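Undergrad: Work the whole structure out from these sequences, hints included.
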Amino acid sequence: MRSRKGPFLWLVEKEWRELLSSRAWWVLLAVSGPLVGVSFISAVRTYAELSGYGGGTEGVGEAFSPLVGVWAPTFSACELAAAFLLPFVAIRVVAGDRQSGAMKLELQQPLSVLWRIGAKALVLGAAWLVASAPAAIAILLWRSYGGAVYPPELGAVLLGHMLNAGLTIALASAAASVTDHPSTAAIVTLSVTVGTWIVNFIAAVQGGIWERAAGYTPTAIVAQFQHGLVRLDVVLISLALIALGLAIAAIGMHLGVPARTRAAESIVLGALTAAVVFACTFLTPSWDLSENRMNSFRRSDEAVLRQIRQPLRIVAHLAAEDPRRVDLEQKVFSKLRRVMPRVDVRYVAATSTGLFEQASAHYGEVWYRLGENGVPSMNRITTVESVLETIYGLAGVEPPVESGDIFRGHPLAVPPRRAAAVFYGIWPAVVVAGAVFIWRRQS
Amino acid sequence: MPEPMVVVDRLTKAYGRLTALAEVSLSIRAGEVLGLIGPNGAGKTTLFECLAGVLPYDAGEILLDGAPLTGEARTSRIFYMPDGIAPWPSQTLKWTLDYAAGFFGGSAAAIPGIVRRLDLGPLLGSRIGTLSKGQRKRALLAVGMLTPHPLLLCDEPFDGLDLRQTREVGAALREHAAAGRTLFLSIHQIPDAARVCDRFVLLSAGRVCAEGTLDELIHRARTLHPEHSAHPEHQLEDVFLALT
Numbered sequence: 007m008r009s010r011k012g013p014f015l016w017l018v019e020k021e022w023r024e025l026l027s028s029r030a031w032w033v034l035l036a037v038s039g040p041l042v043g044v045s046f047i048s049a050v051r052t053y054a055e056l057s058g059y060g061g062g063t064e065g066v067g068e069a070f071s072p073l074v075g076v077w078a079p080t081f082s083a084c085e086l087a088a089a090f091l092l093p094f095v096a097i098r099v100v101a102g103d104r105q106s107g108a109m110k111l112e113l114q115q116p117l118s119v120l121w122r123i124g125a126k127a128l129v130l131g132a133a134w135l136v137a138s139a140p141a142a143i144a145i146l147l148w149r150s151y152g153g154a155v156y157p158p159e160l161g162a163v164l165l166g167h168m169l170n171a172g173l174t175i176a177l178a179s180a181a182a183s184v185t186d187h188p189s190t191a192a193i194v195t196l197s198v199t200v201g202t203w204i205v206n207f208i209a210a211v212q213g214g215i216w217e218r219a220a221g222y223t224p225t226a227i228v229a230q231f232q233h234g235l236v237r238l239d240v241v242l243i244s245l246a247l248i249a250l251g252l253a254i255a256a257i258g259m260h261l262g263v264p265a266r267t268r269a270a271e272s273i274v275l276g277a278l279t280a281a282v283v284f285a286c287t288f289l290t291p292s293w294d295l296s297e298n299r300m301n302s303f304r305r306s307d308e309a310v311l312r313q314i315r316q317p318l319r320i321v322a323h324l325a326a327e328d329p330r331r332v333d334l335e336q337k338v339f340s341k342l343r344r345v346m347p348r349v350d351v352r353y354v355a356a357t358s359t360g361l362f363e364q365a366s367a368h369y370g371e372v373w374y375r376l377g378e379n380g381v382p383s384m385n386r387i388t389t390v391e392s393v394l395e396t397i398y399g400l401a402g403v404e405p406p407v408e409s410g411d412i413f414r415g416h417p418l419a420v421p422p423r424r425a426a427a428v429f430y431g432i433w434p435a436v437v438v439a440g441a442v443f444i445w446r447r448q449s
Numbered sequence: 437m438p439e440p441m442v443v444v445d446r447l448t449k450a451y452g453r454l455t456a457l458a459e460v461s462l463s464i465r466a467g468e469v470l471g472l473i474g475p476n477g478a479g480k481t482t483l484f485e486c487l488a489g490v491l492p493y494d495a496g497e498i499l500l501d502g503a504p505l506t507g508e509a510r511t512s513r514i515f516y517m518p519d520g521i522a523p524w525p526s527q528t529l530k531w532t533l534d535y536a537a538g539f540f541g542g543s544a545a546a547i548p549g550i551v552r553r554l555d556l557g558p559l560l561g562s563r564i565g566t567l568s569k570g571q572r573k574r575a576l577l578a579v580g581m582l583t584p585h586p587l588l589l590c591d592e593p594f595d596g597l598d599l600r601q602t603r604e605v606g607a608a609l610r611e612h613a614a615a616g617r618t619l620f621l622s623i624h625q626i627p628d629a630a631r632v633c634d635r636f637v638l639l640s641a642g643r644v645c646a647e648g649t650l651d652e653l654i655h656r657a658r659t660l661h662p663e664h665s666a667h668p669e670h671q672l673e674d675v676f677l678a679l680t
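Chains as they are written, first to last, in our numbering: chain A, 7 to 449; chain W, 437 to 680.
In short, the hints are calculated from the structure, not lab data.
Some clues are possibly wrong.
Said to hold, decoys possible - Below, simulated EDC-like cross-link-like pairs (lysine to aspartate or glutamate); rule was C-alpha separation at most 20 angstroms, straight line: (1) W/530 / W/508; (2) A/337 / A/378; (3) A/337 / A/186; (4) A/337 / A/308; (5) W/569 / W/519; (6) W/530 / A/19; (7) A/337 / A/371; (8) A/337 / A/327; (9) A/110 / W/595; (10) A/337 / A/395; (11) A/337 / A/391; (12) A/337 / A/408; (13) A/11 / W/534; (14) A/110 / W/673; (15) W/569 / W/604; (16) A/110 / W/555; (17) A/110 / W/604.
What the hints assert, rightly or not - Far from chain A, by Cβ distances over 12 angstroms, these chain W residues were calculated: (18) 439; (19) 440; (20) 468; (21) 504; (22) 523; (23) 536; (24) 555; (25) 579; (26) 585; (27) 673.
In this text the structure is predicted, and so the values were computed from the model without any measurement.
All residues carry an ideal CB built from backbone N, CA and C; glycine is no exception.
TA: Shown next, in the form of structure tokens:
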């Protein structure tokens with residue numbers, strides 16, 4: 007009598023059972039509670055104090071966005087777990103079969119290697135969701151305090167963290183599949199993670215192409231989603247990189263194929279993905295899902311800016327590490343790119359800090375030109391209002407009347423009650439009890 | 437004489453400068469128990485892994501039922517049970533057998549019989565990783581016997597077994613072959629091979645020295661070495677020494 011369950015489902019069940027018997031996963035689960043807890047408790051306490059808890063003066067505005075005040079710091083714990091704990095779980099699941107010899111047996115089932123790696127990825131994705139349960143508990147606690155939740159921005163944060171976890175799983179799977187030993191795979195995975203930090207660091211100093219590349223590192227991707235910004239190019243590039251990692255892992259599982267052939271297949275796949283990634287960088291659609299529209303200009307400004315069809319060229323004489331440049335880029339130019347179809351920003355600087363260029367007469371100048379033959383206009387001020395005024399002046403349009411769509415925030419002067427007990431006591435206890443229960447049940 | 441199920445023709449495999457298999461040729465007939473005999477390092481495992489598609493080979497050809505062996509045919513017709521592995525170490529033997537039958541498309545109904553024949557009943561609740569070498573060997577043999585592939589390659593099926601277990605497992609393998617399965621067993625203990633196998637392939641230093649039934653091998657040894665006179669109890673050992 008043959009089993010009614012297909013080989014893929016058997017494989018998924020096997021991977022799930024292997025995951026449940028993996029100490030790495032239980033450690034991830036046990037640690038994720040206190041990790042999320044310490045971030046959540048600290049964030050809620052600060053939020054409460056800014057809201058007037060403890061007799062302080064109540065703050066106003068953007069500070070009372072739960073996205074910035076609570077979700078970004080709380081979910082940053084998930085980012086840490088994804089960077090430093092999840093790779094070990096993924097490596098255990100992928101490399102375990104090679105180490106034990108199970109791979110030699112399983113590869114004799116005529117199931118495509120893509121299905122095999124798919125089963126592992128599916129289980130690892132589910133593992134990450136379970137490990138993210140403390141973040142879900144944090145949301146429930148926040149609601150129980152009477153805190154506001156704006157689902158679109160929370161969805162953006164969750165999407166960012168799932169993509170980040172997907173990138174980690176894909177990277178660790180590829181490393182585990184192409185290296186001979188799990189410890190080598192761990193070193194490779196962590197080296198790549200540290201490498202992306204180095205790219206971020208170089209980008210902050212050098213700017214230019216490094217800055218562009220740094221926009222797609224996992225840290226930068228998570229940061230964008232944590233600000234409620236969903237960019238099509240970032241989503242597609244993340245998915246392409248996840249697919250590349252899993253495909254390389256699948257190629258590495260092809261035991262009967264010569265190593266040279268596998269290397270060539272991986273290189274071709276890498277080149278194709280690089281082309282896809284490059285093409286994706288030209289995609290501009292994006293969605294600001296934050297409740298306070300922190301990634302967008304006011305709606306009235308956007309309506310006027312969208313009507314300007316001529317290309318806008320900007321030349322900013324500011325060095326990469328100059329805070330004015332960071333302000334301009336994050337608070338003005340990134341928003342401009344989202345509403346104006348053709349914005350070309352070029353930075354001019356002889357050094358990375360700009361410290362010794364201050365004496366130059368042109369340093370600090372920002373030149374704006376609308377259209378190919380438009381008259382350039384210079385403005386040294388880097389605030390949103392001033393930049394928009396310059397652009398409106400160049401376009402010859404009236405600045406819009408100020409609308410009333412100002413985000414008032416959601417102050418909440420409530421301390422993080424019960425959170426310590428939940429994250430530091432109940433969660434670890436539940437994890438330990440779960441581990442013992444599963445261990446006995448599988449015996 | 438039945439047509440060969442598998443024909444291996446001048447198979448060559450090298451690890452860098454070391455030639456592990458040098459133009460190895462042999463045939464496997466349907467329904468037989470073929471023994472691959474050779475000392476450690478002779479290339480037995482390499483030959484099995486090349487046949488099973490776990491290792492790529494450099495030259496030569498493998499024919500299955502007269503046609504070149506494709507990946508699809510390999511995964512549906514040949515199953516290889518390596519030596520020295522401990523797959524799914526945290527899973528119980530019971531679940532492992534269910535998994536083997538389900539995943540590889542074998543029959544779950546065959547599990548009780550195989551468990552009884554290999555005396556695995558008391559071990560069903562034990563995790564694979566906690567089994568002794570001999571227990572694990574029997575467990576993996578059970579996995580191999582549960583698979584539906586017509587040809588089973590088994591690397592060192594008696595390694596780690598005591599004398600009694602070796603005889604019992606040998607008898608179980610003979611019964612399994614009698615039920616229609618073709619077995620190709622790699623064995624370095626020649627007396628074990630003599631007890632279980634119908635025919636033998638003698639492999640030494642990556643080369644096939646001889647292939648045939650015991651009588652054929654004795655005849656060949658006597659032809660090559662007229663002074664050869666094997667003791668009845670050590671016939672195959674003496675033949676092996678004479679021909680390699």
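Undergrad: Please go over all the hints and tell whether each is borne out by the structure.
TA: Each hint, compared with the structure:
1. W/530 / W/508: 29 angstroms, violated
2. A/337 / A/378: Violated: residue 337 of chain A and residue 378 of chain A sit about 26 angstroms apart, past 20 angstroms.
3. A/337 / A/186: 47 angstroms, violated
4. A/337 / A/308: 14 angstroms, holds
5. W/569 / W/519: 11 angstroms, holds
6. W/530 / A/19: Within the cut-off at roughly 15 angstroms; holds.
7. A/337 / A/371: Distance of about 17 angstroms is within 20 angstroms: holds.
8. A/337 / A/327: 16 angstroms, holds
9. A/110 / W/595: Distance of about 19 angstroms is within 20 angstroms: holds.
10. A/337 / A/395: Holds: residue 337 of chain A and residue 395 of chain A sit about 15 angstroms apart, inside 20 angstroms.
11. A/337 / A/391: 11 angstroms, holds
12. A/337 / A/408: This hinted pair holds, its Cα atoms lying about 19 angstroms apart.
13. A/11 / W/534: 11 angstroms, holds
14. A/110 / W/673: Roughly 32 angstroms between the alpha carbons, so the hint for residue 110 of chain A and residue 673 of chain W is violated.
15. W/569 / W/604: Holds, because 16 angstroms separates the two Cα atoms, which is no more than 20 angstroms.
16. A/110 / W/555: Violated. Residue 110 of chain A to residue 555 of chain W sits at ~25 angstroms, over the 20 angstroms cutoff.
17. A/110 / W/604: 27 angstroms, violated
18. 439: 24 angstroms, holds
19. 440: 21 angstroms, holds
20. 468: 21 angstroms, holds
21. 504: Label holds. Min Cβ-Cβ 15 angstroms, cutoff 12 angstroms.
22. 523: Residue 523 of chain W not clear of chain A: closest Cβ-Cβ about 3 angstroms, inside 12 angstroms.
23. 536: 8 angstroms, violated
24. 555: 21 angstroms, holds
25. 579: 7 angstroms, violated
26. 585: 8 angstroms, violated
27. 673: Check passes; 30 angstroms lies beyond 12 angstroms.
Violated hints, in rising order: 1, 2, 3, 14, 16, 17, 22, 23, 25 and 26; the structure is consistent with all others.
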